[in-house]
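Student: Listed below are the residues making up each chain.
Protein chains: 4
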Amino acid sequence: MQKRNKTVAVIGAGDYIGGEIAKKFAAEGFTIFAGRRNGAKLEPLVAEVEAAGGEIHARSLDARKEEEITSFLNDADKHAPLEVCIFNIGANVNFPILDTTERVFRKVWEMACYSGFLAGREAARLMVPRGQGNIFFTGATASLRGGPGYAAFASAKFGLRAVAQAAARELGPKNIHVAHLVIDSGVDTAWVRERIKEREGADALAKLPADRLMRPQAVAEAYWSLYQQPRDAWSSEMEIRPFGEKW
Amino acid sequence: MQKRNKTVAVIGAGDYIGGEIAKKFAAEGFTIFAGRRNGAKLEPLVAEVEAAGGEIHARSLDARKEEEITSFLNDADKHAPLEVCIFNIGANVNFPILDTTERVFRKVWEMACYSGFLAGREAARLMVPRGQGNIFFTGATASLRGGPGYAAFASAKFGLRAVAQAAARELGPKNIHVAHLVIDSGVDTAWVRERIKEREGADALAKLPADRLMRPQAVAEAYWSLYQQPRDAWSSEMEIRPFGEKW
Amino acid sequence: MQKRNKTVAVIGAGDYIGGEIAKKFAAEGFTIFAGRRNGAKLEPLVAEVEAAGGEIHARSLDARKEEEITSFLNDADKHAPLEVCIFNIGANVNFPILDTTERVFRKVWEMACYSGFLAGREAARLMVPRGQGNIFFTGATASLRGGPGYAAFASAKFGLRAVAQAAARELGPKNIHVAHLVIDSGVDTAWVRERIKEREGADALAKLPADRLMRPQAVAEAYWSLYQQPRDAWSSEMEIRPFGEKW
Amino acid sequence: MQKRNKTVAVIGAGDYIGGEIAKKFAAEGFTIFAGRRNGAKLEPLVAEVEAAGGEIHARSLDARKEEEITSFLNDADKHAPLEVCIFNIGANVNFPILDTTERVFRKVWEMACYSGFLAGREAARLMVPRGQGNIFFTGATASLRGGPGYAAFASAKFGLRAVAQAAARELGPKNIHVAHLVIDSGVDTAWVRERIKEREGADALAKLPADRLMRPQAVAEAYWSLYQQPRDAWSSEMEIRPFGEKW
Numbered sequence: 001m002q003k004r005n006k007t008v009a010v011i012g013a014g015d016y017i018g019g020e021i022a023k024k025f026a027a028e029g030f031t032i033f034a035g036r037r038n039g040a041k042l043e044p045l046v047a048e049v050e051a052a053g054g055e056i057h058a059r060s061l062d063a064r065k066e067e068e069i070t071s072f073l074n075d076a077d078k079h080a081p082l083e084v085c086i087f088n089i090g091a092n093v094n095f096p097i098l099d100t101t102e103r104v105f106r107k108v109w110e111m112a113c114y115s116g117f118l119a120g121r122e123a124a125r126l127m128v129p130r131g132q133g134n135i136f137f138t139g140a141t142a143s144l145r146g147g148p149g150y151a152a153f154a155s156a157k158f159g160l161r162a163v164a165q166a167a168a169r170e171l172g173p174k175n176i177h178v179a180h181l182v183i184d185s186g187v188d189t190a191w192v193r194e195r196i197k198e199r200e201g202a203d204a205l206a207k208l209p210a211d212r213l214m215r216p217q218a219v220a221e222a223y224w225s226l227y228q229q230p231r232d233a234w235s236s237e238m239e240i241r242p243f244g245e246k247w
Numbered sequence: 001m002q003k004r005n006k007t008v009a010v011i012g013a014g015d016y017i018g019g020e021i022a023k024k025f026a027a028e029g030f031t032i033f034a035g036r037r038n039g040a041k042l043e044p045l046v047a048e049v050e051a052a053g054g055e056i057h058a059r060s061l062d063a064r065k066e067e068e069i070t071s072f073l074n075d076a077d078k079h080a081p082l083e084v085c086i087f088n089i090g091a092n093v094n095f096p097i098l099d100t101t102e103r104v105f106r107k108v109w110e111m112a113c114y115s116g117f118l119a120g121r122e123a124a125r126l127m128v129p130r131g132q133g134n135i136f137f138t139g140a141t142a143s144l145r146g147g148p149g150y151a152a153f154a155s156a157k158f159g160l161r162a163v164a165q166a167a168a169r170e171l172g173p174k175n176i177h178v179a180h181l182v183i184d185s186g187v188d189t190a191w192v193r194e195r196i197k198e199r200e201g202a203d204a205l206a207k208l209p210a211d212r213l214m215r216p217q218a219v220a221e222a223y224w225s226l227y228q229q230p231r232d233a234w235s236s237e238m239e240i241r242p243f244g245e246k247w
Numbered sequence: 001m002q003k004r005n006k007t008v009a010v011i012g013a014g015d016y017i018g019g020e021i022a023k024k025f026a027a028e029g030f031t032i033f034a035g036r037r038n039g040a041k042l043e044p045l046v047a048e049v050e051a052a053g054g055e056i057h058a059r060s061l062d063a064r065k066e067e068e069i070t071s072f073l074n075d076a077d078k079h080a081p082l083e084v085c086i087f088n089i090g091a092n093v094n095f096p097i098l099d100t101t102e103r104v105f106r107k108v109w110e111m112a113c114y115s116g117f118l119a120g121r122e123a124a125r126l127m128v129p130r131g132q133g134n135i136f137f138t139g140a141t142a143s144l145r146g147g148p149g150y151a152a153f154a155s156a157k158f159g160l161r162a163v164a165q166a167a168a169r170e171l172g173p174k175n176i177h178v179a180h181l182v183i184d185s186g187v188d189t190a191w192v193r194e195r196i197k198e199r200e201g202a203d204a205l206a207k208l209p210a211d212r213l214m215r216p217q218a219v220a221e222a223y224w225s226l227y228q229q230p231r232d233a234w235s236s237e238m239e240i241r242p243f244g245e246k247w
Numbered sequence: 001m002q003k004r005n006k007t008v009a010v011i012g013a014g015d016y017i018g019g020e021i022a023k024k025f026a027a028e029g030f031t032i033f034a035g036r037r038n039g040a041k042l043e044p045l046v047a048e049v050e051a052a053g054g055e056i057h058a059r060s061l062d063a064r065k066e067e068e069i070t071s072f073l074n075d076a077d078k079h080a081p082l083e084v085c086i087f088n089i090g091a092n093v094n095f096p097i098l099d100t101t102e103r104v105f106r107k108v109w110e111m112a113c114y115s116g117f118l119a120g121r122e123a124a125r126l127m128v129p130r131g132q133g134n135i136f137f138t139g140a141t142a143s144l145r146g147g148p149g150y151a152a153f154a155s156a157k158f159g160l161r162a163v164a165q166a167a168a169r170e171l172g173p174k175n176i177h178v179a180h181l182v183i184d185s186g187v188d189t190a191w192v193r194e195r196i197k198e199r200e201g202a203d204a205l206a207k208l209p210a211d212r213l214m215r216p217q218a219v220a221e222a223y224w225s226l227y228q229q230p231r232d233a234w235s236s237e238m239e240i241r242p243f244g245e246k247w
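Residue numbers (the working numbering), protein chains in the order written: chain Z, 1 to 247; chain B, 1 to 247; chain G, 1 to 247; chain A, 1 to 247.
Think of the hints as simulated: they come from the structure by calculation, not from any bench.
Bear in mind the structure is a predicted one, so any value in this text is a computation, not a measurement.
Heads up, some of the hints might be wrong.
Where chains are identical, the list cannot tell them apart; a pair therefore holds if satisfied intra-copy or between any two copies.
[What the hints assert, rightly or not] Derived EDC-like pairs: lysine to aspartate or glutamate, alpha-carbon spacing no greater than 16 Å straight-line:
1. LYS78 / ASP62
2. LYS65 / GLU102
3. LYS174 / ASP211
4. LYS174 / GLU245
5. LYS41 / ASP15
6. LYS3 / ASP62
7. LYS6 / ASP75
Turn these sequences into a full structure, and let the hints guide you.
Tutor: This is the structure in structure tokens:
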């Protein structure tokens, strides 16, 4: 592995997608700054990255707090120039609109949209003066479609997509690649497997075909391919799904 | 004018679009409940509606407060069954993303998205037991496109559109028509004329062609046509613009 | 009924949607020019319109032939100024792409897209010099989504939608309202009922709930509402579906 | 270069995009089958590919003729299994709708849509039995938007996109990756440079900033990245533009 004097910040470095993104960019020689609500849960990721010869800094991070986002990204940038900031916090909930409390609606927005705005803006502040950088946001089916039961989640994800679009249009000409990755499928996580079990039964889960879920590693690869795009052919949005997915 | 024993709530009954909606539905015999931040500013509207033989109840309403929305809509519904709830609060601001404070981002969302969610949900609570009603939301170009400078505004408007979509899918089968009206143009208001003057000069404003701006009355007519749709041919979204608009 | 010295051309005046459009505009006092492949099949429509005191001219029309379209619209315009041209020819087929012959692909395009282009262009030629007119196109779910089995049909409907968009942008500033009406549901026709029977059984058809299909009259009403729009609030596209439709 | 026993067919192997796609896949070890209207014009491409150690078979191909498409793809597949089929024929014309002859409308469709359908279907026929393959289509801004003057071109490109969508949904579960690449910008070709000169003057062309046009090589790279996607994270559509593009 060739070390690069550049950092990659992963905000929302969860056990699946976020962790895989961190491992991928670490394996490519970047120093990772990984943040999640409870930083202690990052220990296995740190161990895995370091065992593979990578460098990673793990932090507890409440991304809804402006000062925490600012100091997290500033720390990364002080370590080495912040090359990529990936915002990967989800907050997938499903409630009929009549059962959606104002507290849930607000909290989902704070986690999935507001904190994404803060992350994008603070990353841009560090990148604009250098005229270089990449800001990526994780989207979902609910970024494009307000399905039944998704008033809160789709509202937040739509809002995050708007932030990505405005940022892409403002920052692209400044050589900062802003992209929104729409994961239009279930990802293979414990949580998704649990939902399938709930809805379709243990048997359906046991027989889950290989084409049904997306590996978290595939998401990490998609981010890597966005990062590899030459600047005369940037995607501002990329939509991915498994080959067997109905859509 | 034939009186109807039904109420129409206009949340965001401003001097232009909201006021015209109120006048239109009042002229069609509905009792209007009109709310805006500073209820005192509703006096001219009340005078105009009453002079024309209509009935209107004007209220100060901070639509970001759940309890105020609830009591506003409950009062309307106690007066006579709430037939239509129109959410018409905008919060059009334009700032480069780097200059968008967390306070602005949050406030625009509270005004243009969060309060729309509250209004839609509370209206639905009153309408669902009756199996009858209409919930309409005012959208804008920024509901569909995150243009430069619109990180905050587009994020809120995208989010409101998602609420409308989820609500339409959940409530349509319950005979409640949920629609999102996208006004893809400038509307003829003092504020818009001022923006044109700022950007293009007093001369351009003076020579503004008739086809450039949309009359607030035309928006009211569009809402009326949505209300007139038979239930086997509902639009969940309608986009309107002047004939001379470039898009 | 107040007679108007204006004509409405309905290209594709079939037994359901096209016929209802003709009846609606005839009832509003317009003289109808109705064309369909086999003009003899228009006799019941003519009888019904005339019994109601309306005026209608029925013609055999192969809309894929430029000279036929031209003379059909010219005849209408000679009778009285052509106020509205509605293109309503469908060609709904569903074949796996591997089973879609080049003949089917071409024929569906000629019926559903190419003839629509001819109709729109020829109507525009008559309307542009007067600076007045309306050109409406009937779209479908397949106008927006290339579903499985719809390579031919969706390709034609996508293509027609592009014609409508280009025409709307070119002709709007010339005071010609071009609109594309997306019927996102099954319409209550013999053909659709037969499809439901095939796919879901005779029992399902017998128990078909009232909210499942759209009445052809509702489509005619949607066109009428498009025609009623003031020119500072035109829709270039309108999507309609029954209240119980899943989408 | 490691040789692979697989062929890549490029239909529309023009001097710019198509040629670069051929060179890229040849450099990756695939045997190229390159077709364009006038096969003699492929000589420089053949020379370049062979000089670099690649293998390429050049053919005259009128892609609007079913039997030519069939035999072109069959020949490729006989040589070695057809791994990728890329349809890259454009037909960019701009005429006001009133000046769009039926001949132009039909010809543009035959070149840009109908021949794409033929190519996709024939490639699928070869790939489906093996349960393996990739079918890619080149799209443009006009695939998504019917701009003024683009009735013919956008209609064809919309239609091609529908073919790609239907094919993606039908063939994805059969392990065939169908994707539509939207090039939302000018590409650096002699033709585009000529158009810029016409519209903006020789001076503007001389001072053309580096961020304005996309290199044909960047398009080839985008296709390569689509080909590299793991099958649990396929994009069915990818949109690319230069960093400085306004959209």
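Student: Give a verdict on every hint.
Tutor: The hints, checked one at a time:
1. When the C-alpha separation of LYS78 and ASP62 is checked against a cutoff of 16 Å, the pair qualifies neither within a copy, at 20 Å, nor between copies, at 44 Å.
2. For the homomeric pair LYS65 and GLU102, the shortest alpha-carbon distance between copies (10 Å) is at most 16 Å, but the shortest distance inside one copy (20 Å) is not.
3. For the identical chains of this complex, LYS174 and ASP211 are inter-copy neighbours only, at 11 Å across copies versus 39 Å inside a copy, given an alpha-carbon limit of 16 Å.
4. Taking the shortest alpha-carbon separations for LYS174 and GLU245, only the inter-copy value of 11 Å comes in at or below 16 Å, while the best intra-copy value is 37 Å.
5. Taking the shortest Cα distances, LYS41 and ASP15 sit within 16 Å of each other inside one copy (8 Å), while across copies they are farther apart (53 Å).
6. Within a single copy, LYS3 and ASP62 get their C-alpha atoms no closer than 29 Å, and across copies no closer than 51 Å, so neither meets the 16 Å cut-off.
7. For the identical chains of this complex, LYS6 and ASP75 are intra-copy neighbours only, at 12 Å inside a copy versus 49 Å across copies, given an alpha-carbon limit of 16 Å.
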